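Asker: Now for the letters of each chain:
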Amino acid sequence: MVIVKAFKKVMMFGFTTIWLLVAGVPFYFMAQSGFKGQFEFLAISVWALPKHPTLANFASLMKGSFFISFGNSLIVVILSVGIILLVSAMASFVFARMKFRFSSPLFSLVIAGLIVPIHITLIPVYLLTIRIGLYNSLWALIGPYVAFHIPITVFLLTEFMRTIPKELEDAARMDGCGPFRLFFTIILPLSKPGLATLAIYNAVFLWNEFIFAYILISSPERSTLPLAVVQYQGQYFSNIPAILALLTVSSLPLILIYVVMQERITKGMIMGALKG
Amino acid sequence: MGVEMVERARVGKAPKRGTAYQREYSLCAVVFLLPMIFFLVVFVVWPILSSAQMSLFAWNGVSPTRQYVGFQNWSRLIGDRIFWSAFRNNLTVLVLSIVIQIPMGMALAVLVSNGGRWMVVFKTVCFLPMLMSSVAIGILFKYVYDPYFGVLTASLKAVGLSPLVRNWLGDPQIALYSVIAVVCWQFIPFYMILFEAGIAGIPVELHEAAIIDGATENQYFWHITLPLLWGTTRAAVSLALFGSLTYFDLVWVMTTGGPSGATELMATYMVKKAFLSTEVGYGSTVAFAMFLIVVLISGIAFFVTRRKESSPWSS
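These protein sequence lines map, in sequence, to chains A and B.
For what it's worth, our numbering labels the leading residue of the first sequence as 1, then goes sequentially.
For what it's worth, our numbering labels the leading residue of the second sequence as 1, then goes sequentially.
If you are wondering where the hints come from, they were derived from the structure by calculation, not from laboratory data.
Do not take every clue at face value.
To be verified - Below, computed lysine to any residue pairings styled on SDA-like, alpha-carbon distance capped at 20 angstroms:
1) B:Lys272 - A:Leu127
2) B:Lys123 - A:Leu138
3) A:Lys5 - B:Lys272
4) A:Lys8 - B:Lys272
5) A:Lys166 - A:Ile186
6) A:Lys51 - A:Gln38
Stated by the list, open to error - Partner residues aside, some chain A positions facing chain B, computed with beta carbon under 7 angstroms:
7) Gly24
8) Gly113
9) Val125
10) Ile240
11) Ser251
12) Pro253
13) Tyr258
14) Ile270
Said to hold, decoys possible - Label-pair ranges, simulated between beta-carbon atoms:
15) B:Leu161 - A:Glu221: 24 to 30 angstroms
16) A:Ile3 - B:Leu161: 28 to 34 angstroms
17) B:His207 - A:Ser137: 36 to 42 angstroms
18) B:Val99 - A:Val259: 30 to 36 angstroms
19) B:Ser113 - A:Pro253: 28 to 34 angstroms
20) B:Ile300 - A:Ser137: 19 to 25 angstroms
21) B:Glu217 - A:Ser137: 56 to 62 angstroms
22) B:Glu217 - A:Met62: 49 to 55 angstroms
23) B:Ile300 - A:Ile255: 33 to 39 angstroms
24) A:Ser137 - B:Ala107: 43 to 49 angstroms
25) B:Phe221 - A:Glu263: 24 to 30 angstroms
26) B:Val304 - A:Gly82: 34 to 40 angstroms
27) A:Glu263 - B:Gly299: 54 to 60 angstroms
Nothing here was measured: the structure is a model prediction, and the numbers come from that model.
C-beta: ideal position from N, C-alpha, C; glycine also.
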């Protein structure tokens, strides 16, 4: 019995160690290679820590368009998430609290949006963007970003709003509060925990979004971070340490946020997954 | 009147017709739904219809006129070897994703749930891939897989397995599997977190009761944990399903579908046709075929796995 238990412990330990290596080694490779010069990267083993650590790669990134792309990503994500939450919260309020004839078919239609692959919309959205003169503008990204995150957000927010006690609403109505005021002064503030979780959930996805940026943005100074990473890699494909430095820096913001808000991020992801 | 109104609201009925409150109520419903409808119609519904229409035309995307060709694009698609091999590749990704990621994720979740406090560190490291963009992961693994100075090659050489070294992404025989390995690397932690939450939702009393009744840990897993995780598993399967059929970013930056179509997926083929070779009409056909396939397969999965249960916010 003792031997079996010990064997199990060893197996568990071995399994976790192996997975830790598999998961961690690429990060180790990425993080430390950025400090190597191009020559040193080729000259010494990929395992070896840099003998002459240099910040040159990072310095040239900072001088380049890194902060511009970073800022672009920030703007697009903040605007999109803001619009997603407002639009979805309004719709969810209607679905959760009002009864009308087409309520449930409309709700089902919105939820059906969860299984629409974005690729079906790429060509029409691209053509539309050109026609209305928004091609190569950050504004072009907001429409598709919002539209494709509405279904999951409406779905989860509607369920959240259903958990808000109806008595509060009744009391407000007794006091002569109309539906608009009810939404903005009672339902919206009470939905804050749900909104916060969904904000993070949507932001993580949008921060890493690539395909719409790839087809709607063409110039480096308008690029979001994932697009900038790809452009940079195409341009400096032989300077591997510089690219790895960029990968490190571009992944850092989310990793730092994760370290601070681990619970919320995992909770958001789990909910999005189980219901999506 | 006020009391009656509140009562009607409480039981979920629309307020009586004709009252001022009723007008405000209907106005509110319309005003609050319109923005959502606007976004969904302009960026989802209309594009789907427009793609269906464009799939009947031959058009390079630039010239002012497009030529109606009826179902020519569609008959071309039926005989398009590349599209069907892309579809097969999607299915390979799908099957291997489900077969590898979900059991691995579950195994890791069981480990993490049984492990002590140091598992927090393990969890955090494991979660890192979820925070990187797929394109960043793709570029990183291009260098991990590099046959000359990549980490994988170096690792194999270090443990004396240099005969196993391959041109991971350059060899059509194995490129798809190399890509799938990265997909697994990226998503196993996600399923781990998912299953861990599922396990955390199982009451501790069940475990105690089972052990007191003489069940072994193994029996407990197979007879209690696994059945109770069935809901989570189904959600995980439908997610993996949809993800595998629409996969794009990572493959695009790693191989762009190459070498010689070995890693071509429906999505990469569609983007190539529409945006690189400017066959917008045929690109729309490919996109619409992909749409039908994805909606059909994941629609079936979605409705088969749908279940009624408590609010996701209650946990």
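Asker: Now, for every hint given, state plainly whether the structure supports it.
Answerer: Taking the hints in turn, this is what the structure says about them:
1. B:Lys272 - A:Leu127: Cα-Cα ~16 angstroms, so holds.
2. B:Lys123 - A:Leu138: 36 angstroms, violated
3. A:Lys5 - B:Lys272: 55 angstroms, violated
4. A:Lys8 - B:Lys272: 50 angstroms, violated
5. A:Lys166 - A:Ile186: Between lysine 166 of chain A and isoleucine 186 of chain A the Cα gap is close to 11 angstroms, so the pair holds against 20 angstroms.
6. A:Lys51 - A:Gln38: This hinted pair holds, its Cα atoms lying about 13 angstroms apart.
7. Gly24: With a minimum Cβ separation of about 5 angstroms from chain B (threshold 7 angstroms), the hint on glycine 24 of chain A holds.
8. Gly113: 6 angstroms, holds
9. Val125: 6 angstroms, holds
10. Ile240: 6 angstroms, holds
11. Ser251: 5 angstroms, holds
12. Pro253: 9 angstroms, violated
13. Tyr258: Holds, about 5 angstroms.
14. Ile270: Holds, about 5 angstroms.
15. B:Leu161 - A:Glu221: 24 to 30 angstroms: Between leucine 161 of chain B and glutamate 221 of chain A, where Cβ atoms are some 46 angstroms apart, the hint is violated.
16. A:Ile3 - B:Leu161: 28 to 34 angstroms: With a Cβ separation near 31 angstroms, isoleucine 3 of chain A and leucine 161 of chain B satisfy 28 to 34 angstroms, so the hint holds.
17. B:His207 - A:Ser137: 36 to 42 angstroms: This hint is violated: roughly 56 angstroms between Cβ atoms.
18. B:Val99 - A:Val259: 30 to 36 angstroms: The hint (30 to 36 angstroms, Cβ to Cβ) holds, given that valine 99 of chain B and valine 259 of chain A are roughly 33 angstroms apart.
19. B:Ser113 - A:Pro253: 28 to 34 angstroms: Since serine 113 of chain B and proline 253 of chain A have Cβ atoms about 30 angstroms apart, the given range 28 to 34 angstroms holds.
20. B:Ile300 - A:Ser137: 19 to 25 angstroms: Violated: the Cβ-Cβ distance is about 39 angstroms, outside 19 to 25 angstroms.
21. B:Glu217 - A:Ser137: 56 to 62 angstroms: About 58 angstroms separates the Cβ atoms of glutamate 217 of chain B and serine 137 of chain A, which means 56 to 62 angstroms holds.
22. B:Glu217 - A:Met62: 49 to 55 angstroms: 53 angstroms, holds
23. B:Ile300 - A:Ile255: 33 to 39 angstroms: At roughly 37 angstroms between Cβ atoms, isoleucine 255 of chain A and isoleucine 300 of chain B fall inside 33 to 39 angstroms, so the hint holds.
24. A:Ser137 - B:Ala107: 43 to 49 angstroms: Check passed, 47 angstroms falls within 43 to 49 angstroms.
25. B:Phe221 - A:Glu263: 24 to 30 angstroms: 26 angstroms, holds
26. B:Val304 - A:Gly82: 34 to 40 angstroms: The hinted range 34 to 40 angstroms holds for valine 304 of chain B and glycine 82 of chain A, with Cβ atoms some 36 angstroms apart.
27. A:Glu263 - B:Gly299: 54 to 60 angstroms: 33 angstroms, violated
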